[in-house]
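Colleague: Protein sequences, first through last, are from chains A and B. If you read the first sequence in numbering that gives the first Met the number 0, its first letter stands for residue 0, the second for the next number, and so on. If you read the second sequence in numbering that gives the first Met the number 0, its first letter stands for residue 0, the second for the next number, and so on.
Accuracy of the hints is not assured; some may be wrong.
Listed next, with one range per pair, are the computed distances between beta-carbon atoms [as the list claims (entries may be wrong)]: (1) B/E176 x A/Q17: 40 to 50 Å; (2) A/A20 x B/E158: 35 to 45 Å; (3) A/V56 x B/G53: 22 to 32 Å; (4) B/R157 x A/S34: 30 to 40 Å; (5) B/C111 x A/M42: 22 to 32 Å; (6) B/K21 x A/E55: 20 to 30 Å; (7) A/D35 x B/N121: 42 to 52 Å.
Worth flagging that the hints you see were computed from the coordinates, not collected in a lab. Glycine included, every Cβ here is placed at the ideal spot set by N, Cα and C.
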Amino acid sequence: MFKVKVFVTLRESVLDPQGEAVKSSLHSLNYPEISDVRIGKYMELHLEKTDREIKEVVHEMCGRLLANTVIEDYRFEVEEVVAQ
Amino acid sequence: MRFAVIVFPGSNCDIDMYHAIKDELGEEVEYVSHDADSLEEFDAILLPGGFSYGDYLRSGAIARFSNVMKEVIKAASAGKPILGVCNGFQILLEAGLLPGAMRRNESLKFICRNVELKVENNETMFTAAYNQDEVICIPIAHGEGNYFCDEKTLQAMRERKQIVFTYHGENPNGSYENIAGITNERGNVLGMMPHPERAVDSLLGGADGLRLFQSMVKNWRESYVVKA
Numbered sequence: 000m001f002k003v004k005v006f007v008t009l010r011e012s013v014l015d016p017q018g019e020a021v022k023s024s025l026h027s028l029n030y031p032e033i034s035d036v037r038i039g040k041y042m043e044l045h046l047e048k049t050d051r052e053i054k055e056v057v058h059e060m061c062g063r064l065l066a067n068t069v070i071e072d073y074r075f076e077v078e079e080v081v082a083q
Numbered sequence: 000m001r002f003a004v005i006v007f008p009g010s011n012c013d014i015d016m017y018h019a020i021k022d023e024l025g026e027e028v029e030y031v032s033h034d035a036d037s038l039e040e041f042d043a044i045l046l047p048g049g050f051s052y053g054d055y056l057r058s059g060a061i062a063r064f065s066n067v068m069k070e071v072i073k074a075a076s077a078g079k080p081i082l083g084v085c086n087g088f089q090i091l092l093e094a095g096l097l098p099g100a101m102r103r104n105e106s107l108k109f110i111c112r113n114v115e116l117k118v119e120n121n122e123t124m125f126t127a128a129y130n131q132d133e134v135i136c137i138p139i140a141h142g143e144g145n146y147f148c149d150e151k152t153l154q155a156m157r158e159r160k161q162i163v164f165t166y167h168g169e170n171p172n173g174s175y176e177n178i179a180g181i182t183n184e185r186g187n188v189l190g191m192m193p194h195p196e197r198a199v200d201s202l203l204g205g206a207d208g209l210r211l212f213q214s215m216v217k218n219w220r221e222s223y224v225v226k227a
């Protein structure tokens with residue numbers, strides 16, 4: 000059994016209007032040290048072991064559905080968990 | 000001419016679309032469910048606006064895998080006219096039938112008002128009834144209409160005259176190069192954020208959208224009926 004944490008954010012080259020709004024809000028709260036804010040999505044997947052390599056499967060899922068690679072980047076962390 | 004209006008869970012402009020075709024255009028139209036297996040009997044396919052699957056994950060991301068979308072892709076490659084409006088446009092982008100992607104509006108606000116559009120290409124099956132560079136008035140109603148594509152895609156679309164509508168004057172949502180509507184390379188799939196089906200009756204504020212549907216009918220008659 001695997002637990003996979005998927006992080007999806009807008010690509011660096013794509014303006015993130017939500018991130019910009021939060022950045023200016025943090026500035027107004029007197030955190031001038033903030034230089035950039037990117038807002039993204041966090042997803043947790045729980046998968047059974049199959050014959051296929053886990054990373055290959057998750058890459059495929061991200062490419063097909065979880066991220067839109069025209070505007071988004073993704074990364075993920077795989078954790079093997081022992082079934083209770 | 001027989002039109003299909005695809006109804007996804009969460010579509011909410013399907014009734015306006017149906018009304019525009021049936022009552023204002025005077026052509027045949029039917030609602031078709033998102034899980035339908037065939038679109039064979041239809042001459043044109045309309046993907047209406049709304050919030051299919053609650054806009055979960057991304058607008059259009061889940062609808063794009065609906066059963067009926069296999070048939071929409073098949074119809075697109077057969078050259079049938081396909082129009083996606085608003086959420087319908089987002090679904091066509093997610094399905095890869097049109098290039099690019101949608102981002103949140105620059106203002107982060109949902110915008111619902113009339114806008115001016117410039118007809119950038121009147122030599123398509125959707126715009127033949129407009130004049131080149133004509134400015135028309137059509138309503139928008141969206142939170143994610145901020146179109147994006149890379150530079151290379153933009154150049155390719157320009158060369159092939161795929162950019163059909165741009166926002167005239169003020170850009171309401173931050174969309175790249177004021178893009179409001181684009182076609183695929185072949186020119187038989189049009190996606191646009193503004194709602195032509197909401198501008199089909201001057202009693203209700205304007206009829207500039209009606210000519211888009213009239214263009215589709217005229218093109219279809221010329222291609223199929225006259226030759227037959």
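Colleague: Please go over all the hints and tell whether each is borne out by the structure.
Modeller: Each hint tested on the structure:
no. : hint                       : in the structure
1   : B/E176 x A/Q17: 40 to 50 Å : violated, 22 Å
2   : A/A20 x B/E158: 35 to 45 Å : holds, 36 Å
3   : A/V56 x B/G53: 22 to 32 Å  : holds, 26 Å
4   : B/R157 x A/S34: 30 to 40 Å : holds, 35 Å
5   : B/C111 x A/M42: 22 to 32 Å : holds, 31 Å
6   : B/K21 x A/E55: 20 to 30 Å  : violated, 49 Å
7   : A/D35 x B/N121: 42 to 52 Å : holds, 43 Å
When the structure is compared with the earlier hints, violations turn up for hints 1 and 6 and for no others.
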